[in-house]
Structure formats: structure tokens, C-alpha cells
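Undergrad: With these hints in hand, go ahead and build the complete structure from the sequences.
Top to bottom, those sequences are chains A and B. First residue of the first sequence: 0, per numbering that gives the first Met the number 0; consecutive thereafter. First residue of the second sequence: 0, per numbering that gives the first Met the number 0; consecutive thereafter.
Any given hint could turn out to be false.
Said to hold, decoys possible - In silico DSS-like pairs for lysine-lysine, Cα to Cα no more than 25 Å straight-line: (1) Lys24/B / Lys8/A; (2) Lys5/B / Lys166/A; (3) Lys8/A / Lys192/B; (4) Lys38/B / Lys5/B; (5) Lys192/B / Lys161/B; (6) Lys166/A / Lys8/A; (7) Lys166/A / Lys192/B; (8) Lys24/B / Lys38/B; (9) Lys5/B / Lys24/B.
Don't read these hints as lab results, they were simulated from the structure. Please read these numbers as outputs of a predicted model, since none were measured by experiment.
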Amino acid sequence: MATNLQFIKSASGSGVSSLSVTDCFSSNYDVYQVLVTTLQTSTSANIDVRFINASGVVTGATYNEAIQVLVSNASYSAITGEGVTSIGGIGFGNGAATGASINMTVYNPHDSSSFTFLTDSSNAWTGALQGYQGIGVEKTAQTITGINFFPSTGTLTEMEIQVYGIKG
Amino acid sequence: MSKSNKYGYSGVDIPSQAAFANVGKFDPAEINELVQEDKWTQYGQLELIETINASGVSAVAFDDFGDYNVHLLTFNNLSKNAGGGGYISMKFSADGGSSYTGNYPQALNMAEGTNFFDIKSTNYPYGVRIGQHGDATSEPSNGYCYLYNLTDSTKYTFVTQKSSNTPNSGVGGMIFGSHAHTTAQANNYLQIKYYFSSANLTGNLSLYGIKEYE
Chain A
0 MATNLQFIKS ASGSGVSSLS VTDCFSSNYD VYQVLVTTLQ TSTSANIDVR
50 FINASGVVTG ATYNEAIQVL VSNASYSAIT GEGVTSIGGI GFGNGAATGA
100 SINMTVYNPH DSSSFTFLTD SSNAWTGALQ GYQGIGVEKT AQTITGINFF
150 PSTGTLTEME IQVYGIKG
Chain B
0 MSKSNKYGYS GVDIPSQAAF ANVGKFDPAE INELVQEDKW TQYGQLELIE
50 TINASGVSAV AFDDFGDYNV HLLTFNNLSK NAGGGGYISM KFSADGGSSY
100 TGNYPQALNM AEGTNFFDIK STNYPYGVRI GQHGDATSEP SNGYCYLYNL
150 TDSTKYTFVT QKSSNTPNSG VGGMIFGSHA HTTAQANNYL QIKYYFSSAN
200 LTGNLSLYGI KEYE
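TA: Dropping the structure here:
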């Protein structure tokens, strides 16, 4: 059965400081689903994300974020930022191979007249269940072509990313 | 391949084929062969595994998960007929539903009427709450769950979930958040039930797999 979730590109890396999926956003789609299906880091770390344009990774202070961290054995907390250099804490990785997941929807990345927005849901195990529910934006009206993931500390021991377009 | 040339090429430098990287001109027999080998570009990576239209049953079960790391479970107009306002839940089994291990932590946000709550547990005994329901078909839950690593014996199963609910007396509600089953096992059975007490379920549920490529 053909459905409107259409595979575009995947990327994987081992022992790297960051992992990018380049040229995955185009004028063919307005909305994308990005899945991180394998995630392990060298040490406990938030997973941050930046977008990529024609010049490379966008590292300026042009991101806003609002993320709730839900923990099964402690009070919930929030990660917020305005004018920050990445969307920090869209997920969490640690040294255990028990698995983790990140599921993002990205809106209008390739539209040069629109900001690029994302929504995010993720899970990780840190000795307790840790979930992230958040939103983020790169608030420059520009053409975004790819996405870059990196841990707040340490390296990505294993990471696999799948990018799909949602056909309107 | 029965012919001496392939994909419009002949000789020794015939390109190898892979999904989303097909090269050449193909006749129908070649296309069929590449489809069988999962090497033909086909769009539509949200693949329906099964739809169950439940009507007054004590439990709903899925026992075919295909070959996927990520699954999407949707449910609409899912209701129960007894038990008061409560949660229909989901449990996983690795032996066809003969037994279910515990270990279901959860971290959720919930709204009911004008009130918001944090719901957390290090081991919720009734599994993954997928929604909150009243006691009538007019008090259903609608929502979805993403399931990760369901059949991977080396990893925990994670679930993110969001539902729009009618817990009781027409009050609106919602639940979203994270769940896990922290027993690393290759699940082959998923059961959805009102575990608090006996109640029959009515509603439509679909399980999809999201196909991945290297």
C-alpha cells in the first residue's frame, strides 16, 4: 500500500562528534519526519540539533527552544532558550546499549521565506525513563537543506537517522 | 536473470541495483525481480500491518510486527463498557501472549477538564496507558503511539504516546508522554485491554511499520 510517508535519506555514524544528513530537505516536501532509531553516546549527554544551509551548519544564535523533560522518578524540568546556538535537548543518550529514540517533525525547511520549525518526542533510559517533548525554531527565513545532530558532551558511539518526506 | 543483458546494460559493468538508487531501463520482469529483492524504489514507507475493528471484545491483540524498528499504532473511537473512568493499557509478550513481564515505567502529562497533572511511575502495573475512557461508546479515546525496538531482544521497548480522551461525563482530557518496557526481549505479541477489571472494548485500531533503508 503506497502511503504519503516517503523515504528520502539515511545516515549512520560510529564514534563521531556529530552526524549530519545533508541535502535531505528540498522543494519536494513541506513537512518531514526525522527518526533516530539507534542512539548511544560515550557518556550521558543531551542530544542537540542544528540545521544546515548552503554554507554549512548554521551555528549562529538564531534558535529558540522550549522542551519539557519528563522523568519517571523525579520532578519534570524544562529546557528553554531564546537566541541560542542550537536546539538543545531534543533527546538523550548514554553509554548503555538499551536503546533510545528521537522522533521529530520538521516544517518548511526549504522555504526561503519561512522560519524552520520542529516538534520533538523522544525517550531514553538513564536508570529511569526520561522523555522529551519539545518545540524549536531556527528563526531565519532561509533555505535549509539538512540537519546536524551532536551530543552536548562526548561523542556519538552509534547513531542512525532516517529522513522521510510527508507528501501533501 | 534469464537474459544476458540487465537493466538495459550488457557486458560486465552492469550497475548493481538498490532502492532509491536504481540505474538503467527495466522491463517488467526485471522490476518484479527487484521488488522481490527489496531493491526497487517504491514510495510509501508507512506500511499497514493490520487493522482490527473491535466490537465488544475483552482484549485486542496484534501478533504480526513485520520487520520494523519503529511501529505506529493508531486507535479511534476506542471505548470500554464498564469500570468507570479508567485507562485502557497495552502490554508486550515474547511468548505469544502466554506471559507478560512487568517493568513499565512512565512519565506523562495529563489533562482532565480544567486540571493538569504529571503522572509518573517507575513501574506501572498495567502496562502502557494508551488513553483514558469512560464507560460508553460516547466516551472514547482517540490517539496514537510510536513504538521503538519492539522486536529487538537487545534493547528496551520505548513508546511515545498522545491521546485525546473523554474520561467520563463528557469531560475532555488528553495524555501525552513517554513509556518504556525495560525488559529487553523480542516481543511477538501486543495486547490492549482494560486491566483494572473486566470490560469489553469497542473501536478501530491499526498497526503500521515504518520501513527503513541504509
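Undergrad: Just pull the numbers of the violated hints for me, sorted ascending.
TA: Hints 2, 3, 7 contradicted; others consistent.
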